[in-house]
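Under this note's numbering, the final residue of the sequence shown carries the number 153; numbering is consecutive throughout.
Source of the hints: derived by calculation from the structure; they are not laboratory data.
There may be inaccurate statements among the hints.
Unchecked claim - Okay, derived cross-link-like pairs now, PhoX-like style, lysine-lysine, Cα gap no bigger than 20 Å in a straight line:
#1 Lys149 - Lys18
#2 Lys4 - Lys54
#3 Lys4 - Lys132
As the list claims (entries may be wrong) - Taking CB as the label site, the calculated pair distances span:
#4 Gln69 - Asp121: 25 to 31 Å
#5 Lys108 - Arg15: 20 to 26 Å
#6 Ala52 - Asp121: 22 to 28 Å
#7 His126 - Arg151: 24 to 30 Å
#8 Asn125 - Gln51: 23 to 29 Å
A virtual CB, placed ideally from N, CA and C, is assigned to each residue, including glycine.
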Amino acid sequence: MKEQVFYMQEALREAKKAVQLGEVPIGCVVVYQGKIIGRGHNLRETTAQAEKHAEMIAISQANDALQSWRLPEAELYVTLEPCPMCSGAIINSRIAKVYYGAPDEKAGTAGTLMNLLTDPRFNHCVQVEKGLLRTECSQILSDFFAKLRKK
């Protein structure tokens with residue numbers, strides 16, 4: 003469990019980078035054989051690109067690191083439950099396990115609205131662990147949106 007907490011703290015570090023850019027604070031890391039091989043934080047506003055979610059960026063870096071679109075032994079740690087697009091990328095890249103912190107009541111597809119990651123109709127199923135550092139992951143989002151509402 004100590005190892006998982008460390009990696010989620012790294013994802014939170016990525017989320018803090020997003021805050022500095024005025025982005026929604028979501029961070030992600032991809033871990034392979036005990037090493038972080040992909041990092042990402044939201045860059046949608048900065049790049050004006052809809053697909054620049056933390057998970058998509060981290061998965062792309064991990065693909066580059068392994069020079070493969072397949073990441074079958076990798077684990078993904080993300081501060082907010084993946085959306086449909088990111089869940090699709092997780093499935094397509096064959097990631098073994100996903101850990102997420104905060105649930106996403108509006109777009110979460112790793113157990114909240116539906117669970118795409120464990121749906122047996124897809125060609126790959128992903129193990130999901132929810133709620134890792136949930137309080138910290140939820141708080142960074144709450145703080146961000148509270149400041150945004152004050153503006």
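Hints versus structure:
no., hint, verdict
1, Lys149 - Lys18, "holds, 14 Å"
2, Lys4 - Lys54, "violated, 29 Å"
3, Lys4 - Lys132, "holds, 16 Å"
4, Gln69 - Asp121: 25 to 31 Å, "holds, 29 Å"
5, Lys108 - Arg15: 20 to 26 Å, "holds, 25 Å"
6, Ala52 - Asp121: 22 to 28 Å, "holds, 24 Å"
7, His126 - Arg151: 24 to 30 Å, "violated, 39 Å"
8, Asn125 - Gln51: 23 to 29 Å, "holds, 27 Å"
Hint check: violations occur at hints 2, 7; the rest are consistent with the structure.
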